[in-house]
Amino acid sequence: HGILWGLIYCERLESTGAACVFVVRRDQDIYMETLRKLFNESHGIFVGLQRCEEERAARARNAQLVQVSKNYRSVIRACMEDMHQAASKSPFVLSVLFVSILSAMELIWNLCEILFVEAAPAGPLLLRLLDWVQLHICDVDNMVREVLSSENPSKHKLFWNVVDIFVLQGRMDEARHLLSKEAIANPTSMKMYKILDDLMKKMPLGNTQTLTEMELKWQHWHEECQRYLQDGTFASNSHMESICKILLGDENAILEKKELMTTWYHFLVTRLLYSHPTVKPMELRFYAQSSMDMFLGEESSPEPLDTILMAAFEFELHQVIKECSVALSNWWFVAHLTDLLDHCKLLQSHNLYFGSNMREFLLLEYASGLFSHHSLWQLGVDYFDHCPEYGRVYLELHIERIPLNTEQKALKVLRICEQRQMHEQVRSICKIMAMKALRNNRLGSALSWSIRAKDAAFATLISDRFLKDYCERGCFSDLDLIDNLGPSMLLSDRLTFLGKYREFHRLYGEKRFSEAARLLLMLMTAHIAPCSFWMTLLTDALPLLEQKEVIFSAEQTYELMRCLEDLTAGKLDRQKFQDDDVETMKVEMLRLALARNLARVIVKEGTLEGS
Amino acid sequence: MEEVCARFVSQKISKARWRPLPGAALQPPDLFATGSWDNEDNRVSVWSVGDAGSAGLNGEYQGEPQLLCDIRHDGDVMDMQFLDQERIVVASSTGSVTVFRHHQNNQTLSANHRWENAHYHADQYTACGGAACTGVICNNPEIVTVGEDGRINLFRADQKEAVRTIDNADSSTLHAVTFLRTTEILTVNSIGQLKIWDFRQQRNEPAQIFSLTGDRVPLHCVDRHPSQQHIVATGGQDGMLSIWDIRQGTMPVSLLNAHEAEMWEVHFHPSNPDHLFTCSEDGSLWHWDTSTDVSEKPSFLHQGGRSTAYISHSTINQSVVSAWLSNDPTKDRMEITNLIPNQTLSVNTLDVLGPCLVYGTDAEAIYVNRQLFA
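In the order they appear, the protein sequences are chains A and B. The opening residue of the first sequence carries number 1 in full-length UniProt numbering; numbering runs sequentially from there. The opening residue of the second sequence carries number 1 in full-length UniProt numbering; numbering runs sequentially from there.
Check before you lean on any hint, since a few could be wrong.
[What the hints assert, rightly or not] Some, not all, of what chain B presents toward chain A, calculated at C-beta under 10 Å:
(1) Val9
(2) Ser14
(3) Ser36
(4) Asn39
(5) Gly75
(6) Asp76
(7) Ala122
(8) Ala131
(9) Ala132
(10) Asp149
(11) Gln237
(12) Trp264
(13) Leu345
(14) Ser346
(15) Ala363
Derived from the structure by calculation, the hints contain no laboratory data. Predicted model only: the values in this text are computed from it and were never measured. Backbone N, C-alpha and C define an ideal beta-carbon position, used for all residues, glycine too.
Please model the complete structure; the sequences and the hints are all you need to start from.
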């Protein structure tokens with residue numbers, strides 16, 4: 001549950017006064033569900049980014065990366081939506097916190113997209129910032145709806161607030177639309193309205209023109225506004241006058257509307273809109289700092305969110321990442337953002353002193369967190385794959401610790417290891433599964449795992465088990481397996497022996513005695529059979545020796561006798577006559593049978609020559 | 001292909017199955033069930049995909065699958081089958097088999113019946129962990145299950161005890177089971193064998209054993225051709241698709257190199273058996289299309305219906321020849337399409353019915369395509 005805690009264990013980012021730390025003991029499944037969606041969707045985007053072909057042309061590449069950034073943001077927004085819906089069902093107070101954290105993340109990401117990924121130049125920069133502000137200060141919409149839906153909008157008490165906010169956000173058309181209602185309701189102010197409307201209409205908002213053109217037009221327009229103000233055109237209507245002052249970029253006039261703007265960065269953007277619309281990215285820092293000072297004044301000090309945004313305006317990328325890591329304690333955000341910025345080639349290979357760079361460090365931390373989750377570990381694999389320095393090592397260590405409760409899960413983990421040539425882990429997992437199967441007496445499964453790992457030693461172990469079973473019971477278990485070993489028989493000598501031995505029994509069953517005899521002998525002379533099994537093999541030869549028809553040739557009989565002598569000679573040295581009587585009797589019977597067979601075969605072979 | 005709806009569901013999907021259509025229904029399916037795995041709290045869920053609506057409206061987002069109801073399930077969902085319109089049989093990694101009932105009136109699921117220890121390892125005291133039930137197949141009212149313990153069970157939906165159990169039917173894990181005929185089943189195991197079992201026989205031996213040539217790669221899934229019952233398809237751990245003719249020989253008729261990792265499911269399309277679908281751990285879902293050129297077939301012999309007979313190009317005398325058994329790949333074209341553009345994690349399951357395809361992935365998402373042959 002580390003991930004969930006990480007996401008919520010943080011300081012409140014909203015500027016409502018003192019920062020407080022929320023530590024939650026219990027995780028709510030409902031939030032985990034929403035977060036899982038976030039993790040999965042962002043995983044898809046991450047992998048897509050690592051794999052996609054880099055566009056050659058800079059502009060196309062830029063567009064590609066901006067699209068990725070937008071995708072990430074839409075995933076965050078979707079998560080916010082889901083949290084919101086989940087919150088409406090459950091009265092848990094954390095919902096508000098979650099939504100506000102996600103909202104802050106989207107705010108920060110959006111700003112980073114504008115400044116770093118898209119790297120909007122002067123001109124479009126301001127437009128993007130305006131969009132950014134409009135998107136994130138949503139209290140406005142409620143107010144707007146209220147006013148517009150009322151009977152007499154211009155008489156509504158919030159009417160001028162709404163007009164002001166439109167102006168502050170550069171939404172000229174909407175402001176003009178509302179103002180027209182006032183003009184209709186109040187014909188005496190018609191003249192004033194017409195002028196103001198005209199000014200607002202003419203305001204240059206650069207997008208299609210060059211910077212110098214824009215600056216010229218803007219200068220011209222600014223002067224015109226100045227004239228009307230100084231002429232006292234709006235003197236009789238304080239609202240309109242204040243709007244005109246705002247249009248002129250009068251900081252005091254703008255600051256008066258502090259309550260409407262709610263944040264210093266809104267103030268910053270409004271300020272820039274009306275005093276330096278062609279601001280260059282590198283100039284932002286000065287305005288940002290002063291805006292924050294002016295807005296916050298003496299009473300309040302910056303919140304963590306403010307510090308992060310300030311670092312962004314100052315183009316201090318590393319600072320942004322660092323502050324986010326600290327404030328959010330949430331690897332998801334910084335890992336993905338840093339990776340994206342790295343793809344934009346914005347992070348110098350600023351090596352941390354233990355060797356990996358910042359991007360890799362964050363990705364490793366995030367992926368490790370995923371591995372602590374019972375289900376999300378699969379996502380972690382892809383993240384480790386894209387950490388060139390330490391990813392593989394981390395993966396090797398983590399993957400061995402995944403509990404393998406079913407064969408299916410083991411197969412998936414195995415596939416991951418095989419695809420990455422992690423042979424140690426393959427062997428280890430197969431051994432674990434094979435051992436389990438063996439303990440459960442599933443010999444076929446055990447063999448299947450050994451084949452996968454090409455584990456000859458284990459195959460030998462399994463064959464020994466089969467042979468032991470045979471010795472104890474006198475028949476083979478799992479014939480369907482032994483009869484169908486195929487090429488896997490060659491995995492280990494013991495396994496080959498098992499296969500061949502079973503073949504001997506089959507041949508005997510089909511009464512193909514001479515072939516069976518040949519095979520039996522070959523098993524001993526070619527040393528395929530383990531010494532421990534020779535006694536059993538020789539005993540198996542007994543019925544063949546006792547057949548009416550002579551099966552073993554003289555050569556073969558001599559071979560058999562030699563085998564028997566080898567066997568007993570070896571035993572004599574160690575076990576003297578500790579053997580039970582059965583053993584000695586067997587040896588005796590064999591000697592007798594072999595001698596008899598020899599006698600018969602000599603006669604037979606001698607006789608054949610004659611005819 | 002544009003009509004694929006995706007939905008992230010915050011659980012890894014191990015099985016997805018369409019609810020069967022009653023009788024000779026013509027409309028496409030509108031409801032499917034899913035099972036999850038690898039969660040501390042796994043769920044069996046039922047989803048609806050809204051009405052097929054006006055076929056003429058393009059781009060109208062009929063929207064994502066909507067969750068109707070779900071219920072907690074003990075253990076991973078290993079396999080799932082609809083027994084009838086209302087009951088779903090689910091195989092669990094704990095070794096139990098549960099029959100759930102979907103109540104249409106109040107949209108709830110309830111556990112109707114459970115066979116708790118359908119699969120287990122013989123000696124409970126030395127056993128190392130439980131034995132998962134890996135496959136289940138239904139032919140109302142009969143239910144056949146197979147598991148990691150190599151056991152085959154035959155249940156009847158209304159009876160508490162198993163009708164028949166074949167202990168130690170296999171020395172390795174049985175991965176999947178399907179019906180060959182009403183009294184015969186096909187099983188595949190982890191040493192590359194396809195076995196036919198006949199329940200009319202009293203002995204606990206398979207009626208026939210087929211093996212892969214070469215390496216005994218584990219087989220994970222099996223399906224039988226809907227109308228030509230001698231044609232069987234299996235998918236292996238190496239992603240290979242094998243087509244078998246069980247009337248002859250003990251080896252596959254053709255081996256098709258398909259996926260790069262385990263093939264989890266193989267399905268003949270139930271009404272268009274010239275189409276086959278496979279999905280794999282490598283994240284792809286392939287559509288195998290052996291229907292020959294439209295222009296060469298008389299119109300009444302087109303896809304659909306129960307008749308799959310058509311005349312092969314070369315010899316007019318050969319009456320019923322299925323493209324699946326054709327040994328000459330140049331004669332009958334086979335079109336293979338990967339239906340997933342950006343593959344990431346494993347596609348664990350798929351199901352096809354009519355024009356609809358549903359599939360689930362380890363990326364915790366379900367996908368529905370309602371215009372498969374458009």
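Status of the hints after comparison with the structure:
1. Val9: 8 Å, holds
2. Ser14: Given a least distance of 8 Å, the restraint on serine 14 of chain B holds.
3. Ser36: 9 Å, holds
4. Asn39: It holds, given that the least Cβ distance between asparagine 39 of chain B and chain A is near 6 Å, below 10 Å.
5. Gly75: 9 Å, holds
6. Asp76: 6 Å, holds
7. Ala122: 6 Å, holds
8. Ala131: 7 Å, holds
9. Ala132: The hint holds - alanine 132 of chain B has a Cβ within 10 Å of chain A, the shortest such distance being about 5 Å.
10. Asp149: 7 Å, holds
11. Gln237: Given a least distance of 7 Å, the restraint on glutamine 237 of chain B holds.
12. Trp264: 9 Å, holds
13. Leu345: 6 Å, holds
14. Ser346: 7 Å, holds
15. Ala363: 5 Å, holds
In this structure, every one of the numbered hints holds.
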